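Asker: The lines below spell out each chain.
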Amino acid sequence: MNGSAAMALLRRDLLLAVRRRTEWILPLIFLAVVISLFPLGISPAPSLLGRIAPGAIWIAALLATVIALDGVFRSDFEDGSLEQFLIGDESLTVIVMLKVLAHWLVTGLPMVLLSPLLGLWMNLPIDAIPVLMATLAIATPILSLVGAIGVALTLSLKGGGQLLSLLVFPLYVPVLIVATAAIMASVDDLPYSPFLGLLTAGLILSLTLAPLGAAAALRISLS
Amino acid sequence: MNHTPFIWAAYGIGALVLTWCALAPLLRKKAAIKAILEMRRATNERRANHDADA
Amino acid sequence: MNDVPRKNALLLFLHRLGSPPWFYRFAGKLLPWLWAAFAMLASIAIYQGLFEAPPDYLQGEIFRIMYIHVPTAWLSMMIYGLMAAMAFVALVWRVRMAEVMAMCSAPVGAAFTLVALASGAIWGRPTWGTYWVWDARLTSELVLLFLYLGVMGLYSSIEEPRKAARAASLLTLVGVVNLPIIHYSVKWWNTLHQDSSIGVTGSSIHPEMLWPLLIMAAATKFFYAANLLQRSRVKLLEQDIRKKWVLQIPEISNATAIEAQEPGN
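Chains as they are written, first to last, in our numbering: chain S, 1 to 223; chain D, 1001 to 1054; chain G, 2001 to 2265.
Chain S on its own, in the form it takes in the complex (with noise of 0.2 Å):
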């Protein structure tokens, strides 16, 4: 696929996510709220939140991903326009590379924004919000790269929602391993550059594989 086509068809999906609001709004209202849960339901004591703050931050990130995340064939796959990817000239392991890349920008990147406010309801020291915003802008990809293989296997399903989160979780464990142990090194003035590198590596390991297993997940939904 040459460049024109590829940011062609990364302007077309951007555009359509954009103004579908509620498919970015929603999980940002979503993590909002689900932050919130935290202090009411556990205790508001400040330290005690500063503690959970990089696990609660990330376990609110992954089910906002999971959420946000079936919307990133849906469209395409409601009017058609899927099967036609499948059977054109152009590589779907692209196509589905470019949808990824075009659905984070619009889901994951907003996320990353709006962290650092969640970093302060969560009462993380200020100096670890940015180790938070790196954190989640190198691996919210990645759970959007393996999400859209799971989504592109649930694709016909009726429920396939909640079936979504029990086969992407267990993948999102070591990333949500890594983040918080990244974020939690930076609240105690630890190195935390080597998580981030191990964040990069998996990030780097996703763009090169998970394309192509979505694209032959899909070859099957659609069989």
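Because the hints were derived from the structure by calculation, they are not lab data.
Keep in mind that the hints are not guaranteed to be accurate.
[Stated by the list, open to error] Using 30 Å as the maximum straight-line C-alpha spacing, the simulated DSBU-like pairs for lysine-lysine come out as follows: (1) G:Lys2029 / D:Lys1029; (2) D:Lys1034 / G:Lys2243; (3) D:Lys1030 / G:Lys2221; (4) G:Lys2163 / D:Lys1030; (5) G:Lys2243 / D:Lys1029; (6) D:Lys1029 / G:Lys2244; (7) D:Lys1029 / G:Lys2163; (8) D:Lys1030 / G:Lys2244; (9) D:Lys1029 / G:Lys2221; (10) G:Lys2163 / S:Lys158.
Computed from a predicted model, the values in this text were never measured in an experiment.
Given the coordinates of chain S, assemble chains D and G onto it according to the supplied hints.
Answerer: Showing chains D and G alone in chain S's frame:
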């Protein structure tokens, strides 16, 4: 602490789960055989009726 | 020139395995031997493990749970690996028997994972004071259970059987790529947060304690083989219910013969 009940519990759960694991296909096979015989009986009857009508 | 007929025999065997009626008959003949091997090895292992092996220096009698926990944990991981291999064959070469056997392996793997988790938790209570501990092995096993349940869930939610098997096979492969990553990240996470330092296995193993473990490990493999063939045969019957070969299996043809002999027929 007496360890015996724990040991029996662990071996017992193992035996229970694995027995169920081994028996479940037997039950399904019985149901499958029944279904196959039912189907055969139904097609034979239909064939007999058809021959009678012809 | 001697290995040419042998290679042909292997290829012929694999080719025949792909035919459902042949597989059904062959597996049926093999099953009693596999069950017998399992029964024999398991009884020896359990007898030796419960009564003959000397009590552990540190843990006393409770270590005997090891003879349940460790072999089932080993097998739970091995089954996933085999399932992934079958899933690969199913996806790449579209071999139906590989699809069937991969899907039939999942519940068996889940069962072994369940036993490993339960026995691990029971082992933990007297040694660590609490039933559930988020230690590296138990947590990894729990995630493995979720992977199995995901495969089973996806397989059962798609209507068309071959499509369902292919989708679940792809999920299996995604899981197997992630499995080492998950395993090591959980292990590492555990060292970050650990309070105690003793693992479930504790000190090194005395040879008299080792034999029942290895025999039990072999026994569980026979269980898996037997259960797998058993489940695969039933699945073939269910999927091929309208095919001719199903009508010719002994269970059906004998019943037919009996029906034909009854008065009134």
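Asker: Each hint needs a verdict: does it hold in this structure or not?
Answerer: Comparing the hints with the structure gives:
1. Taking the CA atoms of Lys2029 of chain G and Lys1029 of chain D, the gap is about 16 Å. The hint holds against a cut of 30 Å.
2. For the hint linking Lys1034 of chain D to Lys2243 of chain G, the alpha-carbon distance of about 15 Å falls within 30 Å, and the restraint holds.
3. Our distance criterion of 30 Å between C-alpha atoms is met by Lys1030 of chain D and Lys2221 of chain G, whose separation comes to about 26 Å.
4. Between the alpha carbons of Lys2163 of chain G and Lys1030 of chain D the distance comes to roughly 26 Å, so the proposed pair stays at or under 30 Å and holds.
5. For the proposed pair Lys2243 of chain G and Lys1029 of chain D, the alpha carbon gap of about 16 Å is at most 30 Å, so the pair holds.
6. A threshold of 30 Å between alpha carbons decides the hint, and for Lys1029 of chain D with Lys2244 of chain G the separation of about 17 Å falls inside it, so the pair holds.
7. At most 30 Å may separate the alpha-carbon atoms for a hinted pair to count; Lys1029 of chain D and Lys2163 of chain G meet this at roughly 23 Å.
8. Our distance criterion of 30 Å between C-alpha atoms is met by Lys1030 of chain D and Lys2244 of chain G, whose separation comes to about 19 Å.
9. Proposed proximity of Lys1029 of chain D and Lys2221 of chain G is supported: the alpha carbons are some 23 Å apart, at most 30 Å.
10. Pair hint Lys2163 of chain G plus Lys158 of chain S holds up; C-alpha atoms about 16 Å apart against a cutoff of 30 Å.
Hint compliance for this structure: every hint is met.
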